Structures are given as C-alpha cells and as structure tokens.
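S.K.: Sequence:
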Amino acid sequence: MPPTLAPTATLLEIRSAVWHKSTFSGASNGCVEHAELSSNRRAIRDTKTRESGAIVFESPAWRAFVAGVNSGALPL
Numbered sequence: 107m108p109p110t111l112a113p114t115a116t117l118l119e120i121r122s123a124v125w126h127k128s129t130f131s132g133a134s135n136g137c138v139e140h141a142e143l144s145s146n147r148r149a150i151r152d153t154k155t156r157e158s159g160a161i162v163f164e165s166p167a168w169r170a171f172v173a174g175v176n177s178g179a180l181p182l
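Here this note's numbering runs 106 ahead of the position in the sequence shown, where the first position is 1.
No lab work stands behind these hints, which were simulated from the structure alone.
Keep in mind that this is a model prediction, so the values were computed, not measured.
Just so you know, even glycine gets a beta-carbon here, dropped at the ideal spot from N, CA and C.
Don't take each hint at face value.
[Said to hold, decoys possible] Pairwise CB distance ranges, derived in the manner of DEER restraints:
(1) Lys127 - Leu180: 14 to 24 angstroms
(2) Asn146 - Gly174: 16 to 26 angstroms
(3) Lys154 - Leu117: 26 to 36 angstroms
[Claimed, not checked] Think about it this way: if two alpha-carbon atoms lie no more than 20 angstroms apart in a straight line, the pair counts; the simulated EDC-like pairs of lysine to aspartate or glutamate are:
(4) Lys127 - Glu139
(5) Lys154 - Glu139
(6) Lys154 - Glu164
Make the full structure from the sequences, and use the hints.
M.R.: Below you can see the structure in the form of structure tokens.
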C-alpha cells in the first residue's frame with residue numbers, strides 16, 4: 107500500500123486558528139504552538155518560523171502523537 111499524504115490545511119484555516127503556546131516550550135527559543143482547526147484537525151508550528159506553515163494532524167494521528175509525547179516514546 108502506498109503511503110498517504112499528510113492532510114493539508116487551507117491558508118485561511120491556519121491564519122484564523124487560535125494558536126496556543128505549548129506548556130512544554132521554554133521561555134526562550136524552541137517554542138511550539140498548537141491549534142484546533144475549523145476542520146476539527148489539529149496543527150502545530152514553530153513560533154520562530156510561523157510563515158513556514160504548520161504540520162496538520164487528523165484526530166487519530168493527533169491522539170497518537172500526544173500519547174507518544176506523554177508516554178516518553180517521542181522525547182522532546
């Protein structure tokens with residue numbers, strides 16, 4: 107089975123999203139923001155390069171990502 111492409115978000119979704127700084131981000135560099143998009147997907151982006159876009163997750167992938175971070179399987 108060929109790999110599937112990650113979902114894309116429209117520029118309007120990204121621009122109109124309410125972004126929140128991750129509680130894991132420090133006071134200086136290395137800050138990450140996350141948002142729930144109007145399509146019920148989630149997105150993350152680097153605060154230093156907001157104009158570079160965001161990584162978008164469908165709900166099951168977002169839950170797996172968060173579970174991986176919380177369990178330590180995806181170290182920060």
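S.K.: Hints broken by the structure, by number, lowest first?
M.R.: Hints 3, 6 not satisfied by this model.
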